[in-house]
Amino acid sequence: MSDTALSARHLWDDVCTVRTRGPLVHSITNFVVMNFNANVLLALGASPVMAHAREEVEDMAGIAQALVLNIGTLEPAWIESMKLALARGRARGIPVVLDPVGAGATPYRNRALAELFEVGAPTILRGNGSEIMSVAGLAVATRGVDSNAASDEAVGAAQRLATATRGVVCVSGAVDHIVDAQGRHARLSNGHVWMTRVTGVGCSATAMIGAFAAVQPDAWRATTAAMALLGVVGEVAAERTQAAGGGVGTYQAHLLDGLHLLDEATFLARLRLS
Amino acid sequence: MSDTALSARHLWDDVCTVRTRGPLVHSITNFVVMNFNANVLLALGASPVMAHAREEVEDMAGIAQALVLNIGTLEPAWIESMKLALARGRARGIPVVLDPVGAGATPYRNRALAELFEVGAPTILRGNGSEIMSVAGLAVATRGVDSNAASDEAVGAAQRLATATRGVVCVSGAVDHIVDAQGRHARLSNGHVWMTRVTGVGCSATAMIGAFAAVQPDAWRATTAAMALLGVVGEVAAERTQAAGGGVGTYQAHLLDGLHLLDEATFLARLRLS
Amino acid sequence: MSDTALSARHLWDDVCTVRTRGPLVHSITNFVVMNFNANVLLALGASPVMAHAREEVEDMAGIAQALVLNIGTLEPAWIESMKLALARGRARGIPVVLDPVGAGATPYRNRALAELFEVGAPTILRGNGSEIMSVAGLAVATRGVDSNAASDEAVGAAQRLATATRGVVCVSGAVDHIVDAQGRHARLSNGHVWMTRVTGVGCSATAMIGAFAAVQPDAWRATTAAMALLGVVGEVAAERTQAAGGGVGTYQAHLLDGLHLLDEATFLARLRLS
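Each protein sequence line maps, in turn, to chains A, B and C.
Note that our numbering numbers the first sequence so that position 65 is 65, with each residue one more than the last.
Note that our numbering numbers the second sequence so that position 42 is 316, with each residue one more than the last.
Note that our numbering numbers the third sequence so that position 147 is 695, with each residue one more than the last.
Pulled out of the complex, with its shape left as it was, chain A reads as follows (with noise of 0.2 Å):
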C-alpha cells in the first residue's frame, strides 16, 4: 500500500471495526491515567481489562486482543511484569503497543526500556518527539537524548527505529506521524493544543491504538485510524466546549463523548491526512 492509498474511508471502516467488535485490551499502565485510559476504551467501544501482578498478567494477556505497555510510575514489580506480559503478547502473536512515558528523564526509565526491548520489540511504539528520540538513541544506538526534539529530527529517528525494529512508530505532536519499516509515512494534522492540557490524552492515544491493532492486522493503518480518530475528536471537542465558555474540564469529557458519538461525515469533512 502506498502513502496515499490510505484514505479516509479506510480509516473510518476501522473505527467501525472496534466499535462492532469491542476488542479486548489488556494494559500495563500508569497510575494517573488509568481511568481515563479505560473511560477512553469503553467510549470507543472496547472492552478494557488492567492486571499487572506477575501471578496473573500471563493469563490475562493470554485471553487479550492486544496488549498495551506504559512506564509511567514504574516500579521494579511492574517491569517484570510487562516483561511477562510483553513474551507472552509476542508469543501469542497479539499486537503490543508500547508508550515509553518519560523516555530520557531518568536513567531508570532508560534502563526499563533497554530491559523491556531485550524481550522483544514491540509491535507498535507510540511517543512525543523527545521520547521516541530517547527510545532511538536507545534501540539503535545512534544519537542521545534531546528533550526539545525538532519535529523533522524526530520523524529521522522514527524512520530508523521502525527498521530496526520492524515495527510501526508513531511520533505524535502538532503533526503525527506514523512511520513503518517498509517506508510508509502517515501525517496527521487534526488535534487541538488542549489535548496537552489533559492527563493521560497521550498514554490514551497508545490505549486506543492498541484496539485498532486488535482488529486491524496491518498495524501502520490501524495506528493511523487511532491517531486520525483522536486528532478528529479533539478539534471538535475544542469547539464544543468553546462554543458552551467551558475550559480542560469540560474539555475531558467531551474528548470522551466524541469518542463514542464521532459521525462518518464530520470525520471524513475533517480529517487532514497526507
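Calculated directly from the structure, the hints in this document are not laboratory data.
Even glycine gets a Cβ: it sits at the ideal position worked out from N, Cα and C.
Check each hint, because a few of them may be wrong.
Computed beta-carbon distance windows for the label pairs [claimed, not checked]:
# : chain 1 : residue 1 : chain 2 : residue 2 : range
1 : B       : Ala388    : A       : Val193    : 46 to 52 Å
2 : B       : Arg385    : A       : Glu264    : 44 to 50 Å
3 : B       : Gln516    : C       : Ser822    : 45 to 51 Å
Since chain A is already given, all that's left is putting chains B and C on it; use the hints.
Structure of chains B and C alone, referenced to chain A:
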C-alpha cells in the same frame, strides 16, 4: 419481611439516612476506579477512606462503619491486607462488601477469592452474572465458570451462594437481583446501557452498598436501596445527557450529579422494584 | 512584608507567572487523587510529573522546580521514596510541600510523618484543622490529636508548627489560614462547601501550592496565592454549576475550567483576603 413489603419509600428513607449520617466507608479497591468510587461516595453524602498497607488496614477498618473489598488490579500484598481488614471488619460486626471483579478470568483471582472466603464470608457480595457464577463455583462447589452467564442461571447461583454464606448476593445487569439466605428476592429494572460504558460504575455500586449497609442493618434492604438509587440515577442521567447531545463523558459527570441531587419524587415515580 | 501589604494584585501576578512559566512539579501522592491532581496542575498551566520508585525519585526531584508529598494510600516503599525525594529537594533548595492526609487517623500515618520530619521539615505544610493539629502534636509535642478541631485551635497549632519548622503552614477550611515563622497571617474566605464533595480538592490545593512556590520565592505569599485562586475558582464554579442545574459531578469539571480560564477582573473583584 416478604418481598412485597419492601416499598420504594423504605428505600428512599435509606437514601436520606446515608445523606444525613455520612457513614465512613473504608475501601480497599482497584487503582482504576479509586477516584471515581471516592467521588461516588462523596456525591452520595458518605465519607470515603482508602488505605491498603498492612501496617494500617486493621486500624482503618477499626474506625470505619463499613468495609468494601474489590479484587481488581490485585497483587499479593493487597490480598494480605484485604484478609486482615476482612477479619477485623467481621470481628467488629460492621458490614463487609466484596466485589469479585473479573472472577474466573484468571486462576490467580480465583485463588485470591478462595483465600478471602477462608478468612470469612462477606456480608454482601455484588458482581455481574459471570462473576457471581464463578464465585458460586468456588464457594459451593456446584458448578464451573460461565463467562456469558444467562441471568436466570446467575440468579440460581446467587441463591445457592447466599445460602452457603448466610449473606446477601446481588447480581447486577439489565435487571438487578438481590437475594439473601432467607429466600428474599428483590428485582430492580432501572438503569441504562451507558452504565457499562463508564469504568467503575459496577465497582461504585459495591461501594454504595457499603454506605447503605453502614446505616441500614438489614443488609438485603440496604443492598436493594443502593442498587435502586444507582439504577434510577443512571436512567435519569442518560436522559439528561442525551437531551444535551452528550455521550459517555458528560454522562459520568451526570451520574455524580444525580447521586448528589436526585429528589424523592423522581425516585418514587421511576423506581421499578418487584 | 506586613499582612496588609499583600494585595490581590500581588496574588494575581503569581497566577500569571505560573501560567507563563509552567513549572515542573514532581508529586509523590496517593492513588485516589493522582489523576485529578495532574489535571489541576495542567489546568493551571503547570507541568506535573509523578514518579515514586526509589530507583528514580531522586533523579526526578533533581529536575523538578517543586516537590509535593502526600501521605494518603501510604505503604512502606513509598515512605522510603518520599524520604529520598525530600532529602534531594531540600539539598537543591526547591520548595517541598507536604500534605499530611489523614494525620492522626492511624498510628502508621503518624509514624510516617515522624520519619519524614526526621529527614527534614517541608517548606510548606497544608492540611485541614485536624491534620494540622495532629502534626503539631508530633512535631512540637504540645498537644494530641483532635479530630474535630475548631478553627481557632488549629490556627494556634499552625503558628507553633510554623515556628518549629521555620516554614509556612496552611490550615484550610471555611476560612483558610496561612501563617509563617515570621508571624505573618493571611486569611482567605472564598470557596464553597462543594469543594469537600469532590475527592482530591484538598490534595490538589497542595499540588497547586507546589506550582506557585516554584515561581514565587516567598513561600508564604506563594501559598496564599494558590489558596486564593482555588477559593475564587471554587466559588465561581459552584455558581456556574448551580445555574445549569448540576451537582458535584459537573462541578469537578467546572473547577478545572476555572483554574484554566479565570480572569483577572473576576479574581480581583471576588477575592476576600484579610
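Results for each hint:
1. B:Ala388 <-> A:Val193: 46 to 52 Å: Holds, at about 51 Å.
2. B:Arg385 <-> A:Glu264: 44 to 50 Å: Since the Cβ atoms of arginine 385 of chain B and glutamate 264 of chain A sit about 46 Å apart, the hinted range of 44 to 50 Å holds.
3. B:Gln516 <-> C:Ser822: 45 to 51 Å: Hint holds: Cβ distance 47 Å, inside 45 to 51 Å.
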